[in-house]
Each structure stands twice: as structure tokens, then as C-alpha cells.
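With chain A fixed as given, assemble chain B onto it according to the hints.
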Amino acid sequence: MNTSYFRSRTWIPAAILIVAAFVVWWKWGDVDAGRDGANSHRGFLLITGWVSLGLFLAVAAYAGRKWFPRRPVVTPGARRTPFERIEDALIELKALEDRENRKEERPSLSEVRKKAATILRSAGVWKAVRPHVRVRERGTGSKREKYIAVKAVPARRGWSMLRWMRMHLFLGTAAGALVILHSGFRGTLWIGLLLDWTALGAVVTGLGGIVLWAVWAGGMSRAERELTYEATRALEQHFERNLDDFLHPVMEAKPQTKLEAALESAGLRLHVPRLSLALKERRPPPKKFLEDFAAHPPEPEVRADVCELAEYMGIFTALHDERVRLQRHHRWLQVWRLVHVPLSILLLFLVAVHVISTWRY
Amino acid sequence: MPNESLEQRCKSALEDYRDTKRKYLKKRRDLSRLAVDFLHWRRLEAGARTKAVEWLSQRGLATTEEEVDAWEDARSAIDQLRTERDEIDDESREHFERCARALSACRAEALGTGESADEQPVGETPEGREPADATSVSKETLAALESVEAKCLDLLKSLATRKRYQDRFDPLSFSSNDAWILFEANAREVKLGRDARIIQQDVYTQNFWGLLDGEVDVLRVQNDGTKVLVDTMAADRPSPWFGEMSALGNRPANAEVRAKSAATLLSIPPPLFWRLYDDGPFGWFKDQIDRTYADRTLHSELRSFPELHDLTEEERRSISEVADFVSWERNEQIAQQGQPADTLYLLRSGCVVALRRDGSMRPHEILQAGAAFGEEAFSDNPVWTYTLVASQKTHAVSLPVGPLRERLAELGIETDVETAALERLGELQTGIHEETSIAEQVERLGFFEVSDLAKARAGLVIETSKCTRCNACVESCAAVHDDGIPRISKIGLGADVPGIRLVNACYHCETPECMSACNDGAIRRRVDGLIDFIWDNCTGCKACAKACPFDVIRIVRYPLEDEVLQRRELPFRSLFETLERAVKGPECSWTDRLDGWWKRHLAPRVPDCEHETSEYSENVVKGLKAVQCDHCYGLGYQACVFNCPCDAIHRRTPEDALELSERVGR
Numbered sequence: 000m001n002t003s004y005f006r007s008r009t010w011i012p013a014a015i016l017i018v019a020a021f022v023v024w025w026k027w028g029d030v031d032a033g034r035d036g037a038n039s040h041r042g043f044l045l046i047t048g049w050v051s052l053g054l055f056l057a058v059a060a061y062a063g064r065k066w067f068p069r070r071p072v073v074t075p076g077a078r079r080t081p082f083e084r085i086e087d088a089l090i091e092l093k094a095l096e097d098r099e100n101r102k103e104e105r106p107s108l109s110e111v112r113k114k115a116a117t118i119l120r121s122a123g124v125w126k127a128v129r130p131h132v133r134v135r136e137r138g139t140g141s142k143r144e145k146y147i148a149v150k151a152v153p154a155r156r157g158w159s160m161l162r163w164m165r166m167h168l169f170l171g172t173a174a175g176a177l178v179i180l181h182s183g184f185r186g187t188l189w190i191g192l193l194l195d196w197t198a199l200g201a202v203v204t205g206l207g208g209i210v211l212w213a214v215w216a217g218g219m220s221r222a223e224r225e226l227t228y229e230a231t232r233a234l235e236q237h238f239e240r241n242l243d244d245f246l247h248p249v250m251e252a253k254p255q256t257k258l259e260a261a262l263e264s265a266g267l268r269l270h271v272p273r274l275s276l277a278l279k280e281r282r283p284p285p286k287k288f289l290e291d292f293a294a295h296p297p298e299p300e301v302r303a304d305v306c307e308l309a310e311y312m313g314i315f316t317a318l319h320d321e322r323v324r325l326q327r328h329h330r331w332l333q334v335w336r337l338v339h340v341p342l343s344i345l346l347l348f349l350v351a352v353h354v355i356s357t358w359r360y
Numbered sequence: 000m001p002n003e004s005l006e007q008r009c010k011s012a013l014e015d016y017r018d019t020k021r022k023y024l025k026k027r028r029d030l031s032r033l034a035v036d037f038l039h040w041r042r043l044e045a046g047a048r049t050k051a052v053e054w055l056s057q058r059g060l061a062t063t064e065e066e067v068d069a070w071e072d073a074r075s076a077i078d079q080l081r082t083e084r085d086e087i088d089d090e091s092r093e094h095f096e097r098c099a100r101a102l103s104a105c106r107a108e109a110l111g112t113g114e115s116a117d118e119q120p121v122g123e124t125p126e127g128r129e130p131a132d133a134t135s136v137s138k139e140t141l142a143a144l145e146s147v148e149a150k151c152l153d154l155l156k157s158l159a160t161r162k163r164y165q166d167r168f169d170p171l172s173f174s175s176n177d178a179w180i181l182f183e184a185n186a187r188e189v190k191l192g193r194d195a196r197i198i199q200q201d202v203y204t205q206n207f208w209g210l211l212d213g214e215v216d217v218l219r220v221q222n223d224g225t226k227v228l229v230d231t232m233a234a235d236r237p238s239p240w241f242g243e244m245s246a247l248g249n250r251p252a253n254a255e256v257r258a259k260s261a262a263t264l265l266s267i268p269p270p271l272f273w274r275l276y277d278d279g280p281f282g283w284f285k286d287q288i289d290r291t292y293a294d295r296t297l298h299s300e301l302r303s304f305p306e307l308h309d310l311t312e313e314e315r316r317s318i319s320e321v322a323d324f325v326s327w328e329r330n331e332q333i334a335q336q337g338q339p340a341d342t343l344y345l346l347r348s349g350c351v352v353a354l355r356r357d358g359s360m361r362p363h364e365i366l367q368a369g370a371a372f373g374e375e376a377f378s379d380n381p382v383w384t385y386t387l388v389a390s391q392k393t394h395a396v397s398l399p400v401g402p403l404r405e406r407l408a409e410l411g412i413e414t415d416v417e418t419a420a421l422e423r424l425g426e427l428q429t430g431i432h433e434e435t436s437i438a439e440q441v442e443r444l445g446f447f448e449v450s451d452l453a454k455a456r457a458g459l460v461i462e463t464s465k466c467t468r469c470n471a472c473v474e475s476c477a478a479v480h481d482d483g484i485p486r487i488s489k490i491g492l493g494a495d496v497p498g499i500r501l502v503n504a505c506y507h508c509e510t511p512e513c514m515s516a517c518n519d520g521a522i523r524r525r526v527d528g529l530i531d532f533i534w535d536n537c538t539g540c541k542a543c544a545k546a547c548p549f550d551v552i553r554i555v556r557y558p559l560e561d562e563v564l565q566r567r568e569l570p571f572r573s574l575f576e577t578l579e580r581a582v583k584g585p586e587c588s589w590t591d592r593l594d595g596w597w598k599r600h601l602a603p604r605v606p607d608c609e610h611e612t613s614e615y616s617e618n619v620v621k622g623l624k625a626v627q628c629d630h631c632y633g634l635g636y637q638a639c640v641f642n643c644p645c646d647a648i649h650r651r652t653p654e655d656a657l658e659l660s661e662r663v664g665r
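Just so you know, the sequences run in chain order A and B. The first sequence begins at 0 in numbering that gives the first Met the number 0 and counts up one residue at a time. The second sequence begins at 0 in numbering that gives the first Met the number 0 and counts up one residue at a time.
Hints listed in this document are in silico derivations from the structure and should not be mistaken for laboratory results. Model, not experiment: these values are computed from the prediction. Yeah, the Cβ is synthetic: ideal placement off N, Cα and C, and Gly gets one too. You may find that some hints are simply not true.
As the list claims (entries may be wrong) - If you anchor each label on the Cβ, the simulated ranges turn out as follows: (1) A:TRP331 with B:VAL663: 22 to 28 Å; (2) A:ARG359 with B:ARG662: 45 to 51 Å; (3) B:ARG553 with A:THR357: 54 to 60 Å.
What the hints assert, rightly or not - Here are the computed lysine to aspartate or glutamate pairs in the EDC-like style, where the Cα-Cα straight-line distance is at most 16 Å: (4) B:LYS226 with A:GLU91; (5) B:LYS22 with B:ASP88; (6) B:LYS226 with A:ASP97; (7) A:LYS150 with B:ASP201; (8) B:LYS392 with B:ASP277; (9) B:LYS22 with B:GLU93; (10) B:LYS26 with B:GLU65; (11) B:LYS226 with B:GLU255; (12) A:LYS102 with A:GLU144; (13) B:LYS20 with B:ASP89; (14) A:LYS65 with B:GLU474; (15) B:LYS20 with B:ASP177.
Chain A on its own, in the form it takes in the complex (with noise of 0.2 Å):
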């Protein structure tokens, strides 16, 4: 199970905050959730409304920046640092990384820290890279020293994609929970019925997502996690190609040749124009051909053809298996994507259309 993305210590606190304020001042401050309720408090309607309305946009921030990287407007032009500024600076990193390291009183790292920050800043490389100060060991056996090493790190400007992702898990779950406090399930029109339902749906298939993609990578077969798509249709390929430099002979070849006549001597030489539609249909071979053959063995002299011959079939349908494999996880996460993505393109546009109704009327 991948568990990154529940180590926030910035979102589930805040999530948590957000929820638990709300619920307090439900509980203890004598409110009923919705409008319809017999203590309807229109300060706290509003507050919930709004800061879920927040929470919303927030959450669907994640889908463009998720599209964010693959646009242009993060290419090298817009903010790369010319490559001498930075090889001058890790020069300069260098030489203090030795002179800290020669002073016989070792000095702290925040103090080393703040010189080597000092450095980029004057060479003008803030922008691209950071300090990076820690403690390691060099050497070996009984000359194994520790030593202070100062790198230049990535600067990394803007949130990870990680960091987005756990912003959208955690205050798209707190925002489904100020919904349900706000609306109370209490709508009488069918905007609020179907505001609630779409808000929920939301948030559910959201949870699902989460456990979808926690989960699945983690659950596969080591096989399966070996393997990419990409690496398991090029080997497919490969055996294809040799499958049908066996079979192609047998099939066009007029004279009758060694394989084919081994073939038909085990009793399969039937099964050569279905080995060879199987191929062109990409489908696994019958499992008939498979059994024939451990029925039948063939001759000696040709034994190691098609032992040959079986053993790519093998490799072929366990390749064709794997992919067919892979590709159903994928058609899940296309499912829950295609339910999870329109309903939250719904839900943000019947939000706007209740904000604004709710405004104006």
C-alpha cells in the first residue's frame, strides 16, 4: 500500500481543523444543518457554503496542475539559469564544504547552511537551486570519517505534484463533510437534492480513488510489477515475430516441411491455420493445440523444433495474459475516472449555478 499520501502534515491537520470547527459549533452551538431545520443559522450557512465553495476550487486546482507540467509554460526558457552561474556556485559550495570541514571545531550545520545560502544568493542562482547541508561518512573500515557535505539541490519552486495530491485527498474529503453540514440533506428543490447527491457521489468515488490508487499498484503480482505495458507488448511482439517464422513455412511452403510433417505426425498440423489467426487476432493460442501437444509427443528427431514451437506459445499467451492483465487495471482507473471526473465537472458548475441562484434569489 502506498501510505505517501496520507503522510500530510500540512493537510490532514488542516482537513481535520476545518471539519472539526464546523462540527463543534453544529453540536455544541445548538445549529441544525440545512436550511429546512428548526435552528437554521444563516451565519453558519453561509461560513459552510462558502468555505466549501473554497475547498472546491481548490480541489479541482489539482486538474490543472496536474495538466499543468505538459504545457510549455514550464520549459527551460521561461526559468532556467544559465549553466556557468551554476557550476561557478557549486565551485564556490565546494570550497566551502573543504574549508568547514578543515576547522578543527566542527561547525553547526544551520550556521554552514546559511553561508552556502549566502553563495547562491550572490552568484544569482537562488532561483534554480538550494543548499543542501547534511552530515555524511566517507572512508572505509577504521578510517571511516564523518564529514559536513554541502550540495546544491533541486529548488524546486511550487508544490510537488505529491504535495497537490494530498491537498486534493484531504480537503476534497473535508469539503464533502461541510456539504453534509451545510445542506443537511434537507433540499426540497431538485438543484439541492441534486447538489447533495453530486456532492457526495463526488466525495465517495473520491474515497474509492484513493484506495484504488493506494492500493492497486501495491497488490499486483511481483510479475505484474516487474513489467510495463510498454515492456510486455515489446516482448510480445518478439515472440509474435518468432511465432510466425515457425509457422509461416508450414503454412505457405508447398512442400511438406520438417516441422509441418512433425506436426501432423503429433497430430496437430490441424491446428497450424488457427495457431496462425490466433497471432493475427492477438488472441492467446487454443488451449486445444496445448493439449494435444502433452497428449501427443512428437518424434524425437523433431522433438526440439516444437518443443521450441511450445515453449514461445507458452511464453506468447503468458505475455498476451499479462498484458490483458494490466490492461483491465487500467480500464478500472479509466472507470473511476470517467465517474469521478464528470461528477465533480457537474458538481462545480451546479455549485455555481446554486451560488449564484442562491445570490440572487
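Frame of chain A, contents of chain B only:
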């Protein structure tokens, strides 16, 4: 019908050139071998002395033992060789000029221009002339004439270059013909003003420098930033070259070099350096470089032997006199388990795998630059406890234990060294080395063996249990490069490493084989040790891609405008396709139309490429370029790592990758 007499003359001219060249190359080769033999002779090696004596007696320079002994000052003998070399060159130049004239005349006659050999000046060819009588010589002969004449002119030009440099820069005195051809293409003469910095201390440098004129200062930067003068080199003093330590060891420079006065330098890039260094029987360059290396740095490198660490500078300098240099090719066996051990080794560059037979042969340790092995030679039972194999081209310093013991006995420190060596050997054999068990080490080394990662500095790894195959890493990689070409591929190296996939992306090797293979200076090592491609110099020859052990260099046609535009496809295209399939069936014409409209009107266009085609050198192969992972240098983040929503892809050193594999691969 071809004119038989002319045909015969053409063939004779061709044969004459070939014969002259063959003789010239043989003479030069013999001379170079003799020069190297002389160097060895000076070190009193018996076989070389025999050859040298033969040479002396053939020339009537020395016949008796006494006269031979008088030649012990090898310098004067080598001066004789230099004189002979110049004579051979001058004589051959005349021959080649004659050959060139004959070839040119024959070609002119064959083309029907009728110029005689005397009228046709050397170096001028009747380009663009159509043969008056196309049947005067056969097409094959005419083609051979053209190509051989060009070669002859190149050789004459090369002889002029040799004459210019071989006296000014001693290591080039006896280089091979092939090395000279590469030298002409790659070496550069650089003129620098006073106080210009040539090498910066503590950063990776790659070029080897020869001082042709002027003086340079070698400075060591101290703790407080002050610079101490270590040495001053001048063109007219012995060994006027520097940069050999970094070039040989692939490590940062240990001193700063500045021009003391206006200086002229010869810049030799790494591929040329290695070609000159590994020049087969022409070992003069290697010998000169190794000798300087030994004089300048060997004594300090011997500190790396834990056994010699505590000796004084003078003691180490004394010991360095018994040291020698050895090299092994990739997969060459260095020692065999059970065979007698008599030498200590210190790795200068490359990588050695120690294998141990415990039932079956298993990897026990990976040794890299700076590591020492061969402590067995000090034990009571001096046999190798491992089989040692070089996993790539490897260079080392060897210390034969016999002479070492004698030298140590003279110095009176024999006991300490032997005890330290035996202690270290004991640690290795009982597996308490670095506080890990044998089983752990084998597991660790098995990982390196299969993944070939020991050479790498930093590789991209994917945690397979986290990756959802969303392809964000590859797509973002393509997006942040101007050309839209992704530098990574998730197919992986196919290594059996549990829990992680080793992505096809540059591993920035300690000893970059791509850099050594590139003859165009298109690959350099950045100051932080990472590998960088200089596209302006890349000719698309694919040598780097062939040399790369990880198969991560891609050769692409550049610029790729059409393909790049295709990449900027409609957002959520797959979603539209699925919806259309659900509504309309398998054909996706609506999506295609929408996609086309998007590309025509809304899709962002690719920014102009930094490199204009006109700036490429003339020998660029149809715009082919090599690309590899550049760490998104200067961008502020590594796009693949930064844009992975699953926290699955990481940049790791081999050790960190191993730890990750152990953690997640259970």
C-alpha cells in the same frame, strides 16, 4: 577499352604509395617500440636491454659490453632515436610528395587534362573536370586514384602537424599514425593571457594540458582561502604538462593552475587522451604520463593504502619507487582464487568485482577507485582468497610485495605494515568489515552485479508498489525539454532488483564510457561530476549510444517539429474517446476532429529551439543528435520526480537504491 599502359602506370603509382606508406609506418612503429624499450632498458629490464644492444650494434654505435654500458644514459639514446625519427619523417615526406605528384599526374592524364607530373603542383587536384576519354582507365582505378591521392595529401598535412608538435610536446614524440589523425581532429592550441585560470581546484576537470610556451603556476588553496604556490611549470623544463591525475582517475582536480605569463597550451580532450594513452605498442605517451604521475602524485596516493596511511611523506616517496602501473580490460581476470598472491593493488580508476567460490562463484565485494586489494600477499599462506575480475576498463597501481618488503626493511617499518594488512584481510574474510554479515554483503553485491549499478553516481528508480503507470514522469520530462523528447523510459534495465525498477535514464557514471567514446567533444563532465551533452559539437555518430552500458542515450532527429506538435494533444483526449466510443462505436472521428481543431487553433506551439541548424558543424549527420537525462539542469526541479503524483520515482545513488530495494522489496 582502357588504355593499358596508363592503367599500368596508375596501378604502379598506387602501389608505390602503398608501399611507401607501409614502410614508413613500419619504421615509425619499430622506432616507437625501441624508444619504449629504451625506457625499460634504463630501468634495467633484461629483455629490453637485449633489444637495445642489438640496435646499438646494428648501427655500429656500440658492440662491446663496455660500450653498451656507456649508453646507460638513455636520454642520449633517445635523442638519437629522435634524430632518426626526424630523418625518417623527412625522407618519407619527400617520398610522399613524389607519390602525390605521380598520383595527381596519373589522375590528370586519366581525366584527359594532359598535365604532366611536373606541371601538377602537390596539393592541387583537377576538381570538377570530366574525363576526355572515359575509357582511358577503368572506373575502379580512377576511384582508387582519387581516394588514395586524398589520403596522401592528408598524410602530408599530418606530417607537417607532427613536425610542429612532436618536438614541442615530448609525450607525442612516438605516437602512432592513427593517434596523430585523431590528434589533428581533436587537439586545440589555446593562447592564454597572464593570470588566466586553467584548472580550478576541487572541481571535476577533464582535459589534459600540455604547455607549449610560457609558464604556469600550480597553486593549492588552503583552509583559509589563501593560495600556496606548489610548483611552476615552464615549457622548457621537464614534464611541462598537467591534468593527468584528473584525466586518469576521473576525479576532481587537487590544485589550481594559473598562467604565470602569456602561455600557449595544447588542450587534449578525454577521448584523445585515452587514445594516446592506450596506443598499443606505441607506449611512449603512456610511459611519460605514468612517470610524471608517479613522480607527482603516487607518493600521496599511497596514503589510500590503509597499511601505508601513517607513513611519512618521505617514506611513501621511497616506497613509490617500487610501484608500477597496470591496466585491465573489461571482464579481464586479475587474479584467481587459490593462486599465489604477491602484489598489493591500489585502484586508480574503474571497477573490480571480487568473486568467491562458496560452492558456486558468488560476488563478494565491489572495489572502486581508491580501494586497495591484495593483502593476502602478506599472509603466511599467500594465495588469493578471491577471484578478481575487472568489470570495466580499470587502471591500478601495483606494489610487488617482495621489493616492498625489502624497501620496508630498509625503512624499518615492516612489522606495522604487515600487521595492518593482515588485520584488514582478517576483517574481510570473517565478514565483520563495515559491521555487516557475509550474507548481507552477498545480497548487496548480488544487487550490484545484476544491476551493473556500481559504476553509477545517481540513477532514477521507480518503486513498483507505488507506481500506477500514469506516465506523468515521461510526459513531464518531454514537456520541460525544448525539443519535446523525453529523456527517460520506464521500460527499465531489466535487472532483477526486487521492489524497484531501474529506469532508462542517464546514470552519470563514475567512469563515463560515453565520454571516452565521443570523438567530437560533445560530452563533458560538469563541475559536480554529472554528465552533460554539448549539442553544438554532437555529430550524431552514435558512438556514445553504443558505448553506454545502460542503453540510455537516444539518437533523435532534431528539430522534431512535427512530432513535437503531435505531442501537444487534446487534454483529456482519452476521456473524449471513451465517451465517443460509448455513444458512437469504435471509430473516434469526432475526437480526431476536435483534436485537429485544438492543434490548429489552441494547442501551444513549441518554443524556438536554442540551436539553429546552421550552427551545427558541417559533418552533422542529417540533424541527428544524442540526448540523455540532464537532471533538468537549472530548471529548479527534476520534472519526473516533481510531477509524480504517487511519490514513486526517485533519484538515488546505488547505495540508496539498494537500501530502498531492501526496504520495499520484501
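Please name the hints from earlier in the document that this structure breaks, with their numbers sorted from lowest to highest. Structure breaks hints 2, 10.
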